[in-house]
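Novice: Take the sequences, apply the hints, and build the full model.
Note that the protein sequences, when read in sequence, are chains A and B.
If you count the first sequence from 1, position 114 lands on 461 in the working numbering, and the numbers rise without skipping.
If you count the second sequence from 1, position 106 lands on 115 in the working numbering, and the numbers rise without skipping.
It should be emphasised that the hints constitute simulated quantities derived from the structure, not laboratory data.
The beta-carbon is built from N, C-alpha and C at its ideal position, and this holds for glycine as well.
Any given hint could turn out to be false.
[To be verified] Computed list of lysine-lysine pairs in DSS-like fashion (alpha-carbon distance at most 25 Å, straight line):
hint: 1; chain 1: A; residue 1: K572; chain 2: B; residue 2: K305
hint: 2; chain 1: A; residue 1: K543; chain 2: B; residue 2: K47
hint: 3; chain 1: B; residue 1: K316; chain 2: B; residue 2: K145
hint: 4; chain 1: A; residue 1: K372; chain 2: A; residue 2: K572
hint: 5; chain 1: A; residue 1: K524; chain 2: B; residue 2: K298
hint: 6; chain 1: A; residue 1: K363; chain 2: B; residue 2: K58
hint: 7; chain 1: B; residue 1: K59; chain 2: A; residue 2: K491
hint: 8; chain 1: B; residue 1: K298; chain 2: A; residue 2: K572
hint: 9; chain 1: B; residue 1: K80; chain 2: B; residue 2: K146
hint: 10; chain 1: B; residue 1: K145; chain 2: B; residue 2: K251
hint: 11; chain 1: A; residue 1: K365; chain 2: B; residue 2: K298
hint: 12; chain 1: A; residue 1: K560; chain 2: A; residue 2: K363
hint: 13; chain 1: B; residue 1: K316; chain 2: B; residue 2: K326
hint: 14; chain 1: A; residue 1: K568; chain 2: B; residue 2: K305
[As the list claims (entries may be wrong)] Label pairs and their computed distance ranges (CB to CB):
hint: 15; chain 1: B; residue 1: R29; chain 2: A; residue 2: L582; range: 30 to 36 Å
hint: 16; chain 1: B; residue 1: D408; chain 2: A; residue 2: Q379; range: 36 to 42 Å
hint: 17; chain 1: A; residue 1: A400; chain 2: B; residue 2: R29; range: 42 to 48 Å
hint: 18; chain 1: B; residue 1: E378; chain 2: A; residue 2: T361; range: 18 to 24 Å
hint: 19; chain 1: B; residue 1: R29; chain 2: A; residue 2: R535; range: 55 to 61 Å
hint: 20; chain 1: A; residue 1: E510; chain 2: B; residue 2: P93; range: 52 to 58 Å
hint: 21; chain 1: A; residue 1: F366; chain 2: B; residue 2: T376; range: 40 to 46 Å
hint: 22; chain 1: B; residue 1: T376; chain 2: A; residue 2: Y468; range: 52 to 58 Å
hint: 23; chain 1: B; residue 1: T405; chain 2: A; residue 2: F366; range: 32 to 38 Å
hint: 24; chain 1: B; residue 1: S227; chain 2: A; residue 2: R541; range: 43 to 49 Å
hint: 25; chain 1: B; residue 1: R29; chain 2: A; residue 2: F366; range: 25 to 31 Å
hint: 26; chain 1: A; residue 1: A400; chain 2: B; residue 2: A32; range: 34 to 40 Å
hint: 27; chain 1: B; residue 1: R29; chain 2: A; residue 2: I438; range: 32 to 38 Å
hint: 28; chain 1: A; residue 1: D368; chain 2: B; residue 2: D408; range: 53 to 59 Å
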Amino acid sequence: MKILVGISKAPDTTTKIKFTDNNTKFDEAGVQYIVNPYDEWYALVRALELKEAGGGSVTIVTVGGADVEPIMRKALAVGADDAVRIDAEPIDAFFVAEQIAAYAKDNGYDMVLFGKETIDYNGGQVGGMVAQLLDLPYVSNASKMDVNGNTATIERDIQGGIEVLEVNTPFVLSAAKGMAEQRIPNMRGIMAARTKKLDVVPAAAAEALTEVKSYALPPEKGAVKLIDPENVEELVELLHKEAKVI
Amino acid sequence: MSGTKLLDLNPIKLEEMTDRYEAHDYYLMDEFLTDEQKLMRDSLRTWLKKDVSPIIEDYFERAEFPHQIVKGLGDHGCFGPYIPTEYGGAGVDQITYGLLMQELERVDSGIRSTSSVQSSLVMYPIYKFGTEEHRKKYLPKLATGEMIGCFGLTEPDHGSNPGGMVTNFKDMGDHYLLNGAKMWISNAPFADVAVVWAKDESGRVHGLIVDRGMEGFSTPEMHGKHSLRASATGELIFDNVKVPKENLMPGKSGLGAPLMCLDSARYGIAWGAIGAALDCYDSALRYAKERTQFDKPLAAFQLTQKKLAEMITEITKAQMLTFRLGQLRNEGRATSAQISMAKRNNVDMAINIAREARQIHGAMGITGEYPCMRHMANLESVITYEGTHDIHLLITGMDVTGISAFK
Chain A
348 MKILVGISKA PDTTTKIKFT DNNTKFDEAG VQYIVNPYDE WYALVRALEL
398 KEAGGGSVTI VTVGGADVEP IMRKALAVGA DDAVRIDAEP IDAFFVAEQI
448 AAYAKDNGYD MVLFGKETID YNGGQVGGMV AQLLDLPYVS NASKMDVNGN
498 TATIERDIQG GIEVLEVNTP FVLSAAKGMA EQRIPNMRGI MAARTKKLDV
548 VPAAAAEALT EVKSYALPPE KGAVKLIDPE NVEELVELLH KEAKVI
Chain B
10 MSGTKLLDLN PIKLEEMTDR YEAHDYYLMD EFLTDEQKLM RDSLRTWLKK
60 DVSPIIEDYF ERAEFPHQIV KGLGDHGCFG PYIPTEYGGA GVDQITYGLL
110 MQELERVDSG IRSTSSVQSS LVMYPIYKFG TEEHRKKYLP KLATGEMIGC
160 FGLTEPDHGS NPGGMVTNFK DMGDHYLLNG AKMWISNAPF ADVAVVWAKD
210 ESGRVHGLIV DRGMEGFSTP EMHGKHSLRA SATGELIFDN VKVPKENLMP
260 GKSGLGAPLM CLDSARYGIA WGAIGAALDC YDSALRYAKE RTQFDKPLAA
310 FQLTQKKLAE MITEITKAQM LTFRLGQLRN EGRATSAQIS MAKRNNVDMA
360 INIAREARQI HGAMGITGEY PCMRHMANLE SVITYEGTHD IHLLITGMDV
410 TGISAFK
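Specialist: Put into structure tokens, the structure is as follows:
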């Protein structure tokens with residue numbers, strides 16, 4: 348299997364979120380970036396498992412500036428064979444999808460995997476757009492994938508149950524929890540990552556289709572109000588008039 | 010609802026069930042690190058949170074070393090990280106070595122001790138003073154943890170004064186005959202190999218490699234420790250042990266050889282102690298924000314803030330001191346006296362922070378729900394082993410005055 352895995356950076360989950368430029372930009376000052384967990388734990392690790400079982404190669408691809416290379420090295424330390432950085436700021440999902448599709452088009456991958464979404468903007472659009480641009484089948488939110496020859500059997504968690512479907516390679520898939528288990532890079536992997544190939548390729552001509560007008564933080568959590576267990580009437584009144592949930 | 014169930018409703022207790030540790034870097038020291046150094050450190054931290062910190066309290070309580078973590082320690086480069094890759098090490102620099110020791114001791118000084126001994130007191134002397142055959146035979150297996158080593162210098166009657174050792178060996182023509190006993194030896198009960206320092210017939214100290222299984226060599230475990238309980242400590246007893254002549258490490262003799270090993274280990278301890286201090290501070294800071302008394306969080310009281318502010322100040326000073334020492338080690342310029350200062354300062358800093366952090370936790374601080382009391386108990390060993398707190402002070406005194414107060 349020749350597998351391409353899309354890797355995105357995401358702010359560390361302990362980041363304090365702030366905005367600049369009149370709330371139109373995420374304030375990156377002091378932010379530590381990690382590999383988006385859905386990309387790393389599920390898409391990348393499942394790709395590595397498939398390679399370990401049946402041979403082939405795993406390439407990671409990222410759209411971003413040089414600042415994204417540390418997280419690419421981490422993905423290489425986890426076990427990817429090589430990496431490609433498409434040298435452009437990722438403006439919106441369509442722009443990113445255009446870049447990855449342009450790179451993947453002539454390279455004959457059996458599958459292109461993504462995490463189901465990135466934990467910062469939660470867009471979850473790139474996989475579907477790449478599939479459309481490459482004219483390939485797309486399976487989203489997959490929680491299990493087994494491959495037999497050219498056929499993949501895939502499970503998706505759906506409301507109240509599981510959907511099982513089959514698709515022939517090549518295809519595009521986005522991975523959800525359950526697909527694989529996190530792998531922690533070990534010393535050998537980190538040392539091997541030093542010399543793995545990290546190609547930088549120029550961006551394809553593409554336009555962003557959306558523009559962010561503003562960001563806002565969710566309202567701060569209010570203080571907890573404790574109601575005496577004997578005083579149910581007051582509780583009902585507050586739930587109705589103040590919290591407006593009943 | 011049963012009466013005992015109510016105890017589980019303490020929200021802080023419930024949240025402390027998993028390792029919520031976050032590192033603290035007040036002066037942005039991380040900016041001096043390479044991406045690779047951070048990746049090595051953070052990967053080790055992630056693994057420790059997953060496989061080691063959740064079980065450490067239990068092993069400490071049972072006074073047992075968790076053998077199942079040895080492979081993981083090897084995988085994450087905790088055994089001889091600075092040993093060249095051709096011998097199975099990771100070939101990393103001294104600052105990376107320090108960062109790894111800091112993460113280990115953040116979890117438990119006993120785990121860091123196991124790694125320090127293996128790295129600085131077994132692999133380092135074999136690499137520095139051993140023959141090429143010694144290196145090839147032992148280092149790759151020690152690096153993975155397939156083999157565990159220990160280091161015999163301290164004796165029942167010779168601690169701060171190792172030069173007075175009585176363990177000795179005689180040249181019997183085709184072998185050496187080793188006699189004597191070593192005490193307070195980390196890893197001894199299960200070590201496959203011991204680096205033993207003993208005097209020849211002229212009284213000169215040499216390093217010998219003693220393999221488990223040699224006749225007359227035994228390693229009884231020492232019990233009843235109230236400190237470093239998750240690490241095994243024992244004696245090494247040599248009763249007419251026939252040691253093959255090729256097991257003598259020819260690279261260096263005299264007390265200077267084991268002291269070079271101790272420099273390396275003490276340097277690792279200086280980093281490790283910061284880890285223990287960070288864990289105590291981190292736990293105390295979180296507890297102080299979450300625990301309410303008199304209708305406000307403990308963190309709102311001036312006396313709590315004084316404790317926390319002094320803790321992070323001392324940690325930050327130790328981080329800067331130790332980072333600079335790491336640079337000097339990388340350049341081969343760090344003196345033994347400089348290492349003494351860092352070991353002494355940082356362990357003292359850590360034990361004081363453990364005590365203060367324990368107080369912030371109130372009565373909960375004496376339980377195994379929180380790490381402070383375990384760190385405090387561990388650090389009582391760390392402040393004494395590898396050169397006592399007082400001896401290191403006298404080393405600084407000797408260094409600045411030129412006069413020894415203990416010899």
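Novice: If a hint holds in the structure, say so; if it does not, say that too.
Specialist: Hints and how they fare:
1. With a C-alpha separation of about 15 Å, the suggested pair K572(A) and K305(B) falls inside the 25 Å cut-off, and the hint holds.
2. A hinted pair counts as satisfied when its Cα atoms are at most 25 Å apart, and K543(A) with K47(B) qualifies at roughly 18 Å.
3. A distance of roughly 50 Å separates the Cα atoms of K316(B) and K145(B); the hinted pair therefore is violated under the 25 Å criterion.
4. For the suggested pair K372(A) and K572(A), the alpha carbons sit about 35 Å apart, so the restraint of at most 25 Å is broken.
5. The straight-line distance between the Cα atoms of K524(A) and K298(B) is roughly 33 Å, outside the 25 Å bound, and the hint therefore fails.
6. Between K363(A) and K58(B) the alpha-carbon distance is near 22 Å, which keeps this suggested pair within the 25 Å criterion.
7. Of the pairs offered as hints, the one joining K59(B) and K491(A) holds, with about 24 Å between alpha carbons and a cut-off of 25 Å not exceeded.
8. Restraint check for K298(B) and K572(A): the C-alpha separation of about 19 Å stays at or below 25 Å, so the hint holds.
9. Among the hinted pairs, K80(B) with K146(B) is consistent with the structure: their alpha-carbon atoms are about 19 Å apart, no more than 25 Å.
10. The hinted pair formed by K145(B) and K251(B) meets the criterion: a straight-line CA distance of about 22 Å does not exceed 25 Å.
11. The hinted pair formed by K365(A) and K298(B) meets the criterion: a straight-line CA distance of about 22 Å does not exceed 25 Å.
12. In summary, the hint linking K560(A) to K363(A) is supported, as the alpha carbons are separated by about 21 Å, within the 25 Å threshold.
13. Annotation: proposed proximity of K316(B) to K326(B) holds, straight-line Cα distance about 16 Å (limit 25 Å).
14. With a CA separation close to 17 Å, the supplied pair K568(A) and K305(B) stays within the 25 Å bound.
15. For the pair R29(B) and L582(A), the beta carbons lie near 32 Å from each other, so the given range of 30 to 36 Å is met.
16. The beta-carbon spacing between D408(B) and Q379(A), approximately 40 Å, falls within the hinted interval of 36 to 42 Å.
17. Distance hint check for A400(A) and R29(B): the Cβ-Cβ separation is about 36 Å, which falls outside the suggested range of 42 to 48 Å.
18. Taken as a hint, the range 18 to 24 Å holds for the pair E378(B) and T361(A), whose Cβ atoms sit roughly 22 Å apart.
19. Checked against the hint of 55 to 61 Å, the C-beta distance between R29(B) and R535(A) comes to roughly 29 Å, which is inconsistent with it.
20. Checking the proposed 52 to 58 Å range against E510(A) and P93(B) shows it holds: the Cβ atoms sit about 53 Å from each other.
21. The supplied range of 40 to 46 Å is met by F366(A) and T376(B), whose beta-carbon atoms lie about 42 Å from each other.
22. In this structure, T376(B) and Y468(A) break the distance hint of 52 to 58 Å, their C-beta atoms being roughly 42 Å apart.
23. For the hinted restraint 32 to 38 Å between T405(B) and F366(A), the CB-CB distance of approximately 51 Å leaves it violated.
24. Distance hint check: the CB atoms of S227(B) and R541(A) are about 45 Å apart, consistent with the given range 43 to 49 Å.
25. The supplied range of 25 to 31 Å is met by R29(B) and F366(A), whose beta-carbon atoms lie about 27 Å from each other.
26. Checked against the given bound of 34 to 40 Å, the beta carbons of A400(A) and A32(B), roughly 37 Å apart, stay inside it.
27. The hint said 32 to 38 Å for the Cβ distance between R29(B) and I438(A), and at roughly 36 Å that hint holds.
28. Range check, D368(A) to D408(B): Cβ separation about 55 Å, and the 53 to 59 Å hint holds.
In the structure shown, a violation is registered for the earlier hints numbered 3, 4, 5, 17, 19, 22 and 23, in ascending order.
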